[in-house]
Amino acid sequence: MPDLFSDLDNNPESLGPGTWLFRGYALDVADELLQAIGRVAEQSPFRRMKTPGGRQMSAAMTGCGARNWVTDRQGYRYSELDPETGRPWPTMPPLLTQLAGDAAARAGYPGFEPDVCLVNCYQPGARMGLHQDRDEQDFRWPVVSVSLGLPAVFLWGELRRRGSPARLLLEHGDVLVWGGEDRLRYHGIAPVAHGRCEATGHVRYNLTFRRAC
DNA sequence: AAGTCGCG
DNA sequence: TCGC
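Per the numbering used here, the first sequence starts with residue 868, numbered consecutively.
Source of the hints: derived by calculation from the structure; they are not laboratory data.
Be a bit skeptical, because a hint or two may be false.
[As the list claims (entries may be wrong)] Restraint ranges, calculated between C-beta atoms of paired labels, are given here:
hint	residue 1	residue 2	range
1	Gly1055	Asp898	23 to 29 Å
2	Gly953	Ala1060	33 to 39 Å
3	Leu948	Phe1006	21 to 27 Å
4	Pro961	Arg940	18 to 24 Å
5	Ser925	Arg1063	15 to 21 Å
Quick reminder that beta carbons are idealized off the backbone N, C-alpha and C, glycines included.
Input sequences plus hints: build the corresponding full structure.
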């Protein structure tokens, strides 16, 4: 991993003008975030969804907020109901709303009030293929991503799929915000390596905050 | 389709 | 092994 990013430069040229990396930004609330994830998963359990092609995703997902991103044979969409339970998604805990809003404001996107918090759980070997977040209605709002637990290599591509994406190690407590001209950049997660950490044991969690509508 | 796989 |  080349030393591309200094701690004093949260907005390095290599990430893009609309992209901000706040290393360790969520460290002081990490335990509360993990407790919140546990409560969300009690109401809406983690599940591995299928893509429209019928393949199963390797990351398990749940979420909270007024709506959440889902995929099945029919396609990608936001749903106000958890298809697994038939009930609304758990309410977004105020701590999560506040964290996402604070990080967004610090990156230059004030007024961000997410209605979606997608929670991904990566076991070792789980990955996320290169994709765009493009199912939201207003791309003026940024995406806020919080990493917890095992580290992972974030793949940071361009607005088109071509080219090899940059690789950025995201660790426990890191917060990445992207918006503006970077809002539709392709991104993904390389297969998560085996490991153990104090906070989560053997898994990586990711909280992705968005404004879907 | 946020998937996997095969080829050069 | 990796990008296409």
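Okay, the hints, checked on the actual structure:
no.: 1; hint: Gly1055 - Asp898: 23 to 29 Å; verdict: holds (28 Å)
no.: 2; hint: Gly953 - Ala1060: 33 to 39 Å; verdict: holds (36 Å)
no.: 3; hint: Leu948 - Phe1006: 21 to 27 Å; verdict: holds (25 Å)
no.: 4; hint: Pro961 - Arg940: 18 to 24 Å; verdict: violated (35 Å)
no.: 5; hint: Ser925 - Arg1063: 15 to 21 Å; verdict: holds (20 Å)
Checked against the numbered hints given earlier, the structure breaks only hint 4 and satisfies all the rest.
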